[in-house]
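Peer 1: One-letter residues, chain by chain:
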Amino acid sequence: MSDVSINDIPAGPRVKGKLSRDDLIMRGSMIVIALYLLITMVFPLYAMLSKSFSTYQFNLAAFEVQVSDEEGTNFSDPVTFAELNEAGDILKARDLIAGSDGRLGVTQFFPDFSFRSPVKYRIRNLDEEGRFLVGSKLYDSTDWLELDSNTFRRVQLRPTKDIGLGNFTTYFSTPALSNSIKNSVMIATISTIITVTLAFWFAYALSRSCMRFKGLFRLIAMAPILVPSLLPGIALVYLFGNQGMLKELLFGGTIYGPIGIVIGSVFFTFPHAFLIISTALAISDARLYEAAVSLKATSWRTFWTVTIPGARYGLVSAAFVVFNLVITDFGLPKVIGGQFNVLAVDIYKQVIGQQNFEMGAVVSVVLVLPAILAFAIDRFVQSKQVALLSARSVPYQPTPNKRMDWIMFGYASLVGVFLIGMLAICQFAALVKFWPYDLSFSLNNFQFDKMDGGGWDAYFNSIKLGLLTAVIGTSIIFFGAYLVEKSNGFRVGRTIFQMFAMLPMAIPGMVLGLAYIFFFNNPDNPLNAIYGTMTILVVCTVTHFYTVSHLTATTALQQMDREFESVSASLKQPTLKLFSRVTVPVCLPAILDISIYLFVNAMTTVSAVVFLYSHDTALASIAVLNMDDAGDIAPAAAMGMMIFYTNAGARIIHLIASRGIVGRTQAWRSR
Amino acid sequence: MRDAADGAGPYLRIENLWKAFGKFVALKDISLDIEDGEFVCFLGPSGCGKTTLLRAIAGLDLQTKGSVYQGGQDVSNLPPSERDFGIVFQSYALFPNLTIEKNIAFGLENTGRSKDEINKRVASLLELVGLPDQGRKYPAQLSGGQQQRIALARAIATNPGLLLLDEPLSALDAKVRVHLRHEIKELQRKLGVTTVMVTHDQEEALVMADRIVVMNHGVIEQVGSPTEIYRAPRTLFVADFIGEMNQIPAQAGAADEVVIGGVTMKSQPHEFPRGAQIVATVRPNDIIPHGEGARSPGGDDTIQTEENVLEVLVDEMEFLGSFWRCRLKHDCFGESELIADFSVNAVRRLEVTAGRMMTVELAQSRLLAFDKPGA
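Here the protein sequences line up with chains A and B, keeping their order. In case it helps, this note's numbering puts the first sequence at residues 14 to 684. In case it helps, this note's numbering puts the second sequence at residues 161 to 535.
Just chain A, same shape as in the assembly (with noise of 0.2 Å):
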């Protein structure tokens, strides 16, 4: 009677449910959100990946010249650029390939070409998609148009589009540019062995003995979360650069470069490989040990039999994380990297440095490519994590080891000494006159109004984009995770935009800011006016930083009583009315995280925004990118340290509102 299949369902139509208000509502306002998403991902990303396989090409062949004589009457046979070339042996296959902005002078194929010459010339389109233009005016037609010698020089050809893959072939047999690849995945796998490995120890420590001011390290643990990732850089300048007090000590070594790059990096990404790993740490269960213990196992290899297989998920997850980020990171190796080419720098350069796009667009598409198998690989680990998590677990407590706990205190301290030691060696640089030469006390360096970068006003950008990033960004990802998590029914449409918002974690900043440029700059675009503003700052900022996230409120979501919407449906109460009185004050909390880790990143994030500011709109963290370009290290080093006690302000901020909120809205907590 078991065996009832499927099939035996009788014929006919299904059931299909009657949507309710609610459901309506709910939809509605989800394809509203997937749209943003679109609108602000994944079209960019579409224009961008379109743009690396445009090429352009100078077609000789599809334009027709006619040559006067001396009396401007008489004209030569019809003939073609393409048949001028060949006879003049002029311009390589190479000289052909162009940009989109490219033109091409007509006169030199002409070697006796004189511009006060009687001469006359004829010029035509052979095909509807030839243009050329006579000075700024675009000619697209077929017909002849005559011009006297001194308007012909001023004749260029435009190239013609055509999609393939050229930009990539280009890029690949040009050594200077794919070497990048090759420094980049070295300096990220270097960066990610130490920091997982420094990392691991000091979570290690903090969790397995019985070290003092635990408390105290896990802050200074987390410290390089609320700079931008070029400041070590800056305080790597300070030490080891050309002037720096400890130059000595890399034997005429050079900071600039590798070196610098993977302390540097070792500096941003621990925080990040530290959470993670002592999350795993934590999870661990004490029974295990106990076990380890009554086997009368080595604490040796109790270390690798119980200690390392669970926390395994979380190493590799943070290897992963620490990878991703070295590898998209611009700020660092832009401020520290000298002659070292890495990806994330070559876009800015192709981009910003020489206007070429289509370039920019393919060494986007080479860096994703990593980051998305990073990112890939990092999800499925943390899938596993999940499973190891039993309720049944007990907390590992450490037992006082007296030896065991001093060197773990030392080793801790020493991390913590180069942690604080980068902040610290910037606040002292941006504090005095004029480093190394007279160290006495100054705030010059703060008046940014006199220094080219944005000044003050950059600041104050930044704390309005931090504000704005947090408060909208908040908004539309809870609301969002909500619809996800709490609709019924709708699957695909769920599924699709769960994929989206898991989509930007994997694309780098640099990619995210360049595919704005190519969507948004676009004249056709009616969304075109938001480039330039701080709008699509905030867009861009928000998109971003989506899947982290989104990740948190999902989880917080998730917490919650599935059958919440049920009840609410049951007593006829809107799903809203549930949302407001129920779901924000349960997840407050959650809420609160959200929206200072929006408010952090929008302070320090440099990549995705520096293709995107404007005059009006400089932010602090790309004023300390510009000053320390134009050399002004010291106010960079200001800066820097301004977005810094600002991001330590909103933390404090965030804690103390956390627990008055918390303290008024959560009374329900405590029994």
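Read the hints as simulated data drawn from the structure, not as lab findings. Keep in mind that this is a model prediction, so the values were computed, not measured. Think of the CB as a built atom: it goes at the ideal place given N, C-alpha and C, for glycine as much as any other residue. Warning: the hint list may mix true and false statements.
[Said to hold, decoys possible] Below, in silico cross-link-like pairs of lysine to aspartate or glutamate (EDC-like), each with a Cα-Cα straight-line distance of 16 Å or less: (1) A/K174 - A/E141; (2) A/K31 - B/E242; (3) A/K590 - B/E269; (4) B/K188 - A/D21; (5) A/K585 - B/D244; (6) A/K29 - B/D244; (7) A/K29 - B/E471; (8) A/K174 - A/D125; (9) B/K489 - B/E471; (10) B/K262 - B/D293; (11) B/K426 - B/D416; (12) A/K31 - B/D234; (13) B/K262 - B/D276; (14) B/K297 - B/D244; (15) B/K183 - A/D21; (16) A/K174 - A/D114; (17) B/K350 - B/D416; (18) A/K585 - B/E242; (19) B/K345 - B/E198; (20) B/K225 - A/D21; (21) A/K585 - B/E269.
[Said to hold, decoys possible] Label pairs and their computed distance ranges (CB to CB): (22) A/I433 - B/A334: 53 to 63 Å; (23) B/D276 - A/T548: 47 to 57 Å; (24) A/D21 - B/L351: 35 to 45 Å; (25) B/S496 - A/L32: 52 to 62 Å.
[Claimed, not checked] Pulled from the structure, derived: some chain B residues nowhere near chain A, Cβ distances all over 10 Å: (26) E242; (27) S274; (28) K335; (29) K350; (30) G352; (31) L470; (32) C492.
Starting from the structure of chain A, add chain B where the hints point.
Peer 2: Same frame as chain A, but now just chain B:
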């Protein structure tokens, strides 16, 4: 809304209901009528489809095919918010950040009631569930049993025509559970609200329900009053699932006979052809120890015949407090043993001891014949 029902038809009618999750068929052609004011339990092991059926009635998980009529109205494709029911879940699903009062008042708001009316209603509901002074507390400050009462109060606050209870007592400890099931039953009787409760606890179903719907593998095995289900199970599954049951391989004899290991015994009438392989069943407390005036606990001692009497060896005895559980051996059972529950009195009077022989009777009215499973 209940007045809209025409007096004749059932209050809730389920017609040819199917539910599939992907390739898995959870409900197979379910049809069921529930009368106005009735307390019905869906009983079955986990995964039998009882909760799925409840959620289909509520509109929380729409059926694949089939219809649901409530109060004469076709509600088959309506969303939950357009149906008329109150629901209580195993998890209580109380809103943790709202006080007890606010929880109960949640469904009363936006219904045109004044603040005063709402407050009065909340107070009377709190009174009704026996927690008059707890209104200002938060759910986390109450015990599990108290929370479930609040959930109940919230569910009936709007006077729904149908009350749905999804394993409401499963999360509570044994004592509270026993206490609360009487209270719920009492409340239901007082309000006269048609109630459907899902449970996997047979005792709960037997105590609370007017009618029990026993389900297994997505089909209804039997619908009947608690006594019908217990005394006259229609399938071997029901016989086995409700209470305890000896299952004895046997052959069919005459229309009211079963043959167990060569011994022919009188049984309830059956329709198996002579010689068919069947399973004969008898409950442990329907095995009557013989001797003057002996009776088994809960057994019906009016049946005292000379038929169906066996001389058995008492193999093992377990003391279970209010009765003795004995394992009896007889050639006709082969290797397996017959389990019998004897009252403490009977054991003392008849001097039943492990290792000794005794006489028992398998009451004819309690000896049933079923299809052999898998046959």
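Peer 1: Against this structure, judge whether each hint is valid.
Peer 2: The hints, checked one at a time:
Only pairs whose Cα atoms come within 16 Å are accepted, and A/K174 paired with A/E141 is accepted, the gap being roughly 13 Å. Proposed proximity of A/K31 and B/E242 is supported: the alpha carbons are some 10 Å apart, at most 16 Å. Taking the CA atoms of A/K590 and B/E269, the gap is near 11 Å; set against the 16 Å cutoff, the hint holds. For the hint linking B/K188 to A/D21, the alpha-carbon distance of about 9 Å falls within 16 Å, and the restraint holds.
Pair hint A/K585 plus B/D244 holds up; C-alpha atoms about 9 Å apart against a cutoff of 16 Å. About 19 Å separates the Cα atoms of A/K29 and B/D244, which puts this hinted pair outside 16 Å; it is violated. Distance check on the hinted pair: A/K29 and B/E471 sit about 63 Å apart at the alpha-carbon level, beyond 16 Å; violated. At most 16 Å may separate the alpha-carbon atoms for a hinted pair to count; A/K174 and A/D125 exceed this at roughly 31 Å.
Our distance criterion of 16 Å between C-alpha atoms is met by B/K489 and B/E471, whose separation comes to about 9 Å. This hinted pair checks out: B/K262 and B/D293 have alpha carbons roughly 14 Å apart, not beyond 16 Å. Using a Cα cut-off of 16 Å, the hinted pair B/K426 and B/D416 holds, with the two alpha carbons roughly 6 Å apart. Using a Cα cut-off of 16 Å, the hinted pair A/K31 and B/D234 holds, with the two alpha carbons roughly 12 Å apart.
The straight-line distance between the Cα atoms of B/K262 and B/D276 is roughly 14 Å, inside the 16 Å bound, and the hint therefore holds. About 29 Å separates the Cα atoms of B/K297 and B/D244, which puts this hinted pair outside 16 Å; it is violated. Distance restraint check for B/K183 and A/D21: the Cα-Cα separation of roughly 11 Å lies within the 16 Å cut-off, and the hinted pair is therefore satisfied. Straight-line distance between C-alpha atoms of A/K174 and A/D114 comes to about 11 Å, which keeps the hinted pair within the 16 Å bound.
Between B/K350 and B/D416 the CA atoms are separated by roughly 44 Å; this puts the pair beyond 16 Å, and the hint is violated. A hinted pair counts as satisfied when its Cα atoms are at most 16 Å apart, and A/K585 with B/E242 qualifies at roughly 7 Å. With a CA separation close to 11 Å, the supplied pair B/K345 and B/E198 stays within the 16 Å bound. Between B/K225 and A/D21, the direct Cα distance comes to roughly 12 Å. Compliance with the 16 Å bound is thereby established for this hinted pair.
For the hint linking A/K585 to B/E269, the alpha-carbon distance of about 10 Å falls within 16 Å, and the restraint holds. Evaluation of the 53 to 63 Å hint for A/I433 and B/A334 yields a pass: the beta carbon distance comes to about 58 Å. For B/D276 paired with A/T548, a C-beta distance near 49 Å keeps the hint of 47 to 57 Å intact. At about 40 Å, the beta-carbon gap between A/D21 and B/L351 stays in the expected band of 35 to 45 Å.
Between B/S496 and A/L32 the C-beta distance comes to about 57 Å, which sits within the given range of 52 to 62 Å. The beta carbon of B/E242 is not kept farther than 10 Å from every beta carbon of chain A, the shortest such distance being approximately 6 Å. No Cβ of chain A approaches the Cβ of B/S274 within 10 Å, the least distance being about 18 Å, so the stated non-interface status holds. The Cβ of B/K335 lies farther than 10 Å from every Cβ of chain A, with a closest approach of about 21 Å, so its non-interface assignment holds.
Distance check on B/K350: its Cβ is at least 21 Å (rounded) from any Cβ of chain A, clearing the 10 Å threshold; non-interface status holds. The beta carbon of B/G352 is kept farther than 10 Å from every beta carbon of chain A, the shortest such distance being approximately 19 Å. The beta carbon of B/L470 sits about 34 Å from the closest Cβ of chain A, which is more than 10 Å, so the claim that it is off the interface holds. With a cut of 10 Å on Cβ distances, B/C492 stays outside the contact zone with chain A, its closest approach being about 30 Å.
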